[in-house]
Amino acid sequence: LAKTTQPISMDSYEGQEVNITCSHNNIATNDYITWYQQFPSQGPRFIIQGYKTKVTNEVASLFIPADRKSSTLSLPRVSLSDTAVYYCLVGPAGGGNKLTFGTGTQLKVEL
Amino acid sequence: DSGVTQTPKHLITATGQRVTLRCSPRSGDLSVYWYQQSLDQGLQFLIQYYNGEERAKGNILERFSAQQFPDLHSELNLSSLELGDSALYFCASSVGTGGFYAGELFFGEGSRLTVL
Chain G
1 LAKTTQPISM
11 DSYEGQEVNI
21 TCSHNNIATN
31 DYITWYQQFP
41 SQGPRFIIQG
51 YKTKVTNEVA
61 SLFIPADRKS
71 STLSLPRVSL
81 SDTAVYYCLV
91 GPAGGGNKLT
101 FGTGTQLKVE
111 L
Chain Y
1 DSGVTQTPKH
11 LITATGQRVT
21 LRCSPRSGDL
31 SVYWYQQSLD
41 QGLQFLIQYY
51 NGEERAKGNI
61 LERFSAQQFP
71 DLHSELNLSS
81 LELGDSALYF
91 CASSVGTGGF
101 YAGELFFGEG
111 SRLTVL
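Sequence lines, in order, name chains G and Y.
Quick note, the first sequence lines up with residues 1 to 111 if you use this note's numbering.
Quick note, the second sequence lines up with residues 1 to 116 if you use this note's numbering.
Since the hints were derived computationally from the structure, they do not count as laboratory data.
This structure is a prediction, so every number in the text was calculated from the model and none was measured.
Here are the simulated lysine-lysine pairs, DSSO-like style, with alpha carbons at most 30 Å apart: (1) Y:Lys57 <-> Y:Lys9; (2) G:Lys69 <-> Y:Lys57; (3) G:Lys52 <-> G:Lys108; (4) Y:Lys9 <-> G:Lys108; (5) G:Lys3 <-> G:Lys52; (6) G:Lys54 <-> G:Lys3; (7) G:Lys108 <-> G:Lys69; (8) Y:Lys57 <-> G:Lys3; (9) G:Lys54 <-> G:Lys108.
Using C-beta positions, here's what the derived DEER-type ranges look like: (10) Y:Pro70 <-> G:Ser9: 42 to 50 Å; (11) Y:Leu83 <-> G:Lys108: 27 to 35 Å; (12) Y:Ser65 <-> G:Arg45: 26 to 34 Å; (13) G:Lys54 <-> Y:Ala14: 51 to 59 Å; (14) Y:Phe69 <-> G:Lys69: 38 to 46 Å; (15) Y:Leu116 <-> G:Val55: 44 to 52 Å; (16) Y:Gly16 <-> G:Glu58: 42 to 50 Å; (17) Y:Thr13 <-> G:Thr103: 23 to 31 Å; (18) Y:Gln67 <-> G:Arg45: 25 to 33 Å; (19) Y:Thr20 <-> G:Ala28: 33 to 41 Å; (20) Y:Leu83 <-> G:Val55: 40 to 48 Å; (21) Y:Glu62 <-> G:Lys69: 36 to 44 Å; (22) G:Ala28 <-> Y:Lys57: 17 to 25 Å; (23) G:Phe63 <-> Y:His73: 38 to 46 Å.
Here a beta-carbon is modelled for each residue, glycine too, at the ideal position from N, C-alpha and C.
Whenever a hint applies, use it, and build me the whole structure from the sequences.
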């Protein structure tokens, strides 16, 4: 399974756009990229998933360049409630059983 | 609310003891996954069941075992507990074994185990 690398922590202020980049140099052809959010003492929550180009939903956008060796989670106009750990996962369809959560990125949003 | 229910929410026990954690998946989900999250290890995949059968094993110790029952609820049994087993144990569920929506797992609130 592709190994991912993402920043350990990021700081931002309310109202700003936050971009968290994840590197996955050995991503396989059939791998998807998925992002999760986790608040303290809660289970991770699915944010977004994509394969290539751009995916957008009501909470975030996911940008994936053509070589797919990295991806960027974009959170528009963050608020204090977006303070959480964000995980980037890479794995094949049907491979949900081996999704590997790395250490994630601790995002801290301040006033 | 993810729809995944885990009990108990908190559990305190002593070394050498045995505990059972229970998970009820979302209605309609056939797969159940167990994860362990400790401060120094992050979120570790333990085991997956699909429709009653073991589908995949991760970093699960031999002292730990799990099963999924016909009603699709699952139990994780932890025995001969050690201090290092103190952690948050999460259960997650998904519709199938992964399929196109491989990434979308629905996690419960977790069971916090403290071994003294």
